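A.B. asks: Sequence:
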Amino acid sequence: MFSQKGQESAPFELLIAIIVMTFVIVIGFNALETLNRETCEGNMNQNMELIKSAIESVVKNKSKVNVSYTLPNCYNDAKSGLVIIERNDTTYCSSVCGGSLAQCTILQFSSSEPQFTETKCLRISSATTFPTSSDSCPTDILGQSIDYTAVDWKDLREVGENIGIFTSVDPGQYTLLRQSNLFSNAPIVCSYKVGSG
Numbered sequence: 001m002f003s004q005k006g007q008e009s010a011p012f013e014l015l016i017a018i019i020v021m022t023f024v025i026v027i028g029f030n031a032l033e034t035l036n037r038e039t040c041e042g043n044m045n046q047n048m049e050l051i052k053s054a055i056e057s058v059v060k061n062k063s064k065v066n067v068s069y070t071l072p073n074c075y076n077d078a079k080s081g082l083v084i085i086e087r088n089d090t091t092y093c094s095s096v097c098g099g100s101l102a103q104c105t106i107l108q109f110s111s112s113e114p115q116f117t118e119t120k121c122l123r124i125s126s127a128t129t130f131p132t133s134s135d136s137c138p139t140d141i142l143g144q145s146i147d148y149t150a151v152d153w154k155d156l157r158e159v160g161e162n163i164g165i166f167t168s169v170d171p172g173q174y175t176l177l178r179q180s181n182l183f184s185n186a187p188i189v190c191s192y193k194v195g196s197g
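Residues in the sequence shown are numbered from 1 upward in steps of one, following the numbering used here.
Any given hint might turn out to be false.
Listed below are the simulated EDC-like cross-link pairs for lysine to aspartate or glutamate, each with C-alpha atoms no more than 20 angstroms apart in a straight line [claimed, not checked]: (1) K62 x D152; (2) K79 x E158; (3) K193 x D152; (4) K79 x E38; (5) K52 x E86; (6) K154 x E49; (7) K154 x E56; (8) K193 x D77; (9) K154 x E118; (10) K120 x E41; (11) K52 x E118; (12) K79 x D170.
Label-pair distances were calculated between CB atoms; the ranges are [claimed, not checked]: (13) K64 x Q115: 32 to 38 angstroms; (14) E49 x P138: 27 to 33 angstroms; (15) F166 x G99: 22 to 28 angstroms; (16) S125 x R157: 22 to 28 angstroms; (17) M21 x E113: 30 to 36 angstroms; (18) S9 x N36: 36 to 42 angstroms; (19) R37 x N185: 42 to 48 angstroms; (20) E49 x Y92: 19 to 25 angstroms.
The hints are simulated quantities; they were obtained by calculation from the structure and are not laboratory data.
Quick caveat: nothing in here was measured; it's all calculated off a predicted structure.
The beta carbon of each residue, even a glycine, is placed where N, CA and C say it ideally should be.
Using the sequences plus the hints, can you model the full thing?
C.D. replies: This is the structure we're talking about:
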């Protein structure tokens, strides 16, 4: 009698075991996906901090800095972009930069797939320019035989097709150098991309 009862409950116990195992597998995959997403966002955040520090250092110290911008492999070039933009909005600038700023310069990364946006406040003058002309940014001052091209980090371009994502900084190796201007105190930062000419 006990043996018959055990045989009747065996399929039910097997069904419960399958349900529990499926639940554990689903939870495990969700945890891995969350971990991968957070790792990717962390890598992008760290890269943005390095770029932010490089720009601020060059503007304040009139120095030369080498910086690299790499897009983590979880983001697609055609669906994401890094921009430097000016904002004239006290509410926005105060929330991003703190204090009561009416105008601010921000570094912003956006991706449509996976959806992610990160914003950093650049503590630089809003008059800072990133010119590309050879008069403002001559390449011979770098004194190396490497191919350099000056690029404008404020020149917005739309990526992809109608997804509303813009970029002004392309992935690559850069040398940032502040130039002096006798006629203006506005910072001029030459952003030289290595190997793009």
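A.B. asks: What hints, given by number in increasing order, does this structure fail?
C.D. replies: none
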